[in-house]
Amino acid sequence: MNIIINGTASEYPDKLSAAELLRALGLADKRLALEINEEIVSRSTYDSHFIHPGDRVEIVHAIGGG
Amino acid sequence: MSSVMQPQLHSTADPLIIAGVEYKSRLLVGTGKYKDMDETRAATEASGAEIVTVAIRRTNIGQNADEPNLLDVISPDSYTLLPNTAGCYTASDAVRTCRLARELLDGHELVKLEVLGDEQTLFPDIIQTIEATEILVKDGFKIMVYTNDDPIIAKRFEDMGCVAVMPLAAPIGSGLGIRNPHNIRTIVENASVPILVDAGVGTASDAAIAMELGCDGVLMNTAIAGAQDPVLMASAMKKGIQAGREAFRAGRIPRKRFASASSPIDGTFF
Numbered sequence: 001m002n003i004i005i006n007g008t009a010s011e012y013p014d015k016l017s018a019a020e021l022l023r024a025l026g027l028a029d030k031r032l033a034l035e036i037n038e039e040i041v042s043r044s045t046y047d048s049h050f051i052h053p054g055d056r057v058e059i060v061h062a063i064g065g066g
Numbered sequence: 001m002s003s004v005m006q007p008q009l010h011s012t013a014d015p016l017i018i019a020g021v022e023y024k025s026r027l028l029v030g031t032g033k034y035k036d037m038d039e040t041r042a043a044t045e046a047s048g049a050e051i052v053t054v055a056i057r058r059t060n061i062g063q064n065a066d067e068p069n070l071l072d073v074i075s076p077d078s079y080t081l082l083p084n085t086a087g088c089y090t091a092s093d094a095v096r097t098c099r100l101a102r103e104l105l106d107g108h109e110l111v112k113l114e115v116l117g118d119e120q121t122l123f124p125d126i127i128q129t130i131e132a133t134e135i136l137v138k139d140g141f142k143i144m145v146y147t148n149d150d151p152i153i154a155k156r157f158e159d160m161g162c163v164a165v166m167p168l169a170a171p172i173g174s175g176l177g178i179r180n181p182h183n184i185r186t187i188v189e190n191a192s193v194p195i196l197v198d199a200g201v202g203t204a205s206d207a208a209i210a211m212e213l214g215c216d217g218v219l220m221n222t223a224i225a226g227a228q229d230p231v232l233m234a235s236a237m238k239k240g241i242q243a244g245r246e247a248f249r250a251g252r253i254p255r256k257r258f259a260s261a262s263s264p265i266d267g268t269f270f
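Just so you know, the sequences run in chain order A and V.
Quick note, the first sequence lines up with residues 1 to 66 if you use the numbering used here.
Quick note, the second sequence lines up with residues 1 to 270 if you use the numbering used here.
Hint data in this document are derived by calculation from the structure and do not stem from the laboratory.
Honestly, I wouldn't trust all of these hints.
Covered stretches of chain A, as calculated for chain V (at least 3 residues, CB under 8 angstroms) [stated by the list, open to error]: (1) 5–15; (2) 38–45.
Okay, derived cross-link-like pairs now, EDC-like style, lysine to aspartate or glutamate, Cα gap no bigger than 20 angstroms in a straight line [stated by the list, open to error]: (3) Lys142(V) / Glu103(V); (4) Lys30(A) / Glu103(V); (5) Lys30(A) / Glu20(A); (6) Lys30(A) / Asp72(V); (7) Lys142(V) / Asp106(V); (8) Lys24(V) / Glu50(V); (9) Lys30(A) / Asp106(V); (10) Lys142(V) / Glu158(V); (11) Lys138(V) / Glu39(A); (12) Lys155(V) / Asp125(V); (13) Lys30(A) / Asp77(V); (14) Lys138(V) / Glu38(A); (15) Lys24(V) / Glu246(V); (16) Lys138(V) / Glu158(V); (17) Lys155(V) / Glu131(V); (18) Lys35(V) / Asp229(V); (19) Lys155(V) / Glu134(V); (20) Lys30(A) / Glu67(V); (21) Lys239(V) / Glu45(V); (22) Lys142(V) / Asp93(V); (23) Lys138(V) / Glu109(V).
Note that the structure is predicted; figures quoted are calculated from it, not measured.
Note that beta-carbon positions come from the ideal geometry of N, C-alpha and C, so glycine has one too.
Input sequences plus hints: build the corresponding full structure.
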């Protein structure tokens, strides 16, 4: 399936959980926040939240800023 | 027990209270524009700040996987992090940013709301900021709001439930200092929530002036990070804030047109 991660289209296998996606990206255990289609996906539901074709995924973290 | 009288220390126990939490430092600092994480850490420490702003941005996918994380340097255990919606030009982007920040920081509700109007001035878009405030207050956020130096709007944000109101002193990053001290003073006099100058400070005397006007604190980033020696400037700002606060509490003398001798006139032998 095709999904959009941080603005870039990417191809992933079907039946992918948020936890599996983050592991595939090497971001498991990193301090980040996840939003799919403009809805927050809380850390406690990463295993049970499945990604759907066309989903717009945003993965963010804290950086320096005023 | 000692019978020695303890002197009254007027300079202690003057906390800044935001949303019911006491802070010793009245200087709040940003973490942007530093050369590297070491400089960020050193300058933040030198400033004595307890509340530190951070930005929320996309994680780099597949690159720099091992780059140092800001939260390793500015730990949420040591500092009160203030996620900032800087870079947002609409209420909806600001609301999304705050919700992502709350998830990122495990339910943290204190945020700096900043919704910008245009890139040249970085002045706030007040209409969008009010719209975002309405949504975020209902959503349980504790909002420290960046606004212009309009006393009417500042009061409006307080009435809407913001926990602190933060008027600009001059455009963000401009270093122009306190451009409208009369408005800042009016905002302070009308307020029953903390008023912090946010943006426009260039050097330590600007910070002191803000505090002498009665502001409860100052939030700055560029004035420290952009200085030739950011760590030294952070230390200078800390002292400027403290000096200005003490001068405000001490109550300055009125300005007079003519001189007033410091030495007694009686008892002269000439």
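A quick look at each hint next to the structure:
| no. | hint | in the structure |
| --- | --- | --- |
| 1 | 5–15 | holds (count 4) |
| 2 | 38–45 | holds (count 4) |
| 3 | Lys142(V) / Glu103(V) | holds (15 angstroms) |
| 4 | Lys30(A) / Glu103(V) | holds (13 angstroms) |
| 5 | Lys30(A) / Glu20(A) | holds (14 angstroms) |
| 6 | Lys30(A) / Asp72(V) | holds (11 angstroms) |
| 7 | Lys142(V) / Asp106(V) | holds (15 angstroms) |
| 8 | Lys24(V) / Glu50(V) | holds (8 angstroms) |
| 9 | Lys30(A) / Asp106(V) | holds (13 angstroms) |
| 10 | Lys142(V) / Glu158(V) | holds (12 angstroms) |
| 11 | Lys138(V) / Glu39(A) | holds (17 angstroms) |
| 12 | Lys155(V) / Asp125(V) | holds (16 angstroms) |
| 13 | Lys30(A) / Asp77(V) | holds (17 angstroms) |
| 14 | Lys138(V) / Glu38(A) | holds (18 angstroms) |
| 15 | Lys24(V) / Glu246(V) | holds (13 angstroms) |
| 16 | Lys138(V) / Glu158(V) | holds (14 angstroms) |
| 17 | Lys155(V) / Glu131(V) | holds (16 angstroms) |
| 18 | Lys35(V) / Asp229(V) | holds (11 angstroms) |
| 19 | Lys155(V) / Glu134(V) | holds (15 angstroms) |
| 20 | Lys30(A) / Glu67(V) | holds (12 angstroms) |
| 21 | Lys239(V) / Glu45(V) | holds (14 angstroms) |
| 22 | Lys142(V) / Asp93(V) | holds (17 angstroms) |
| 23 | Lys138(V) / Glu109(V) | holds (12 angstroms) |
Hint check: no violations occur; every hint is consistent with the structure.
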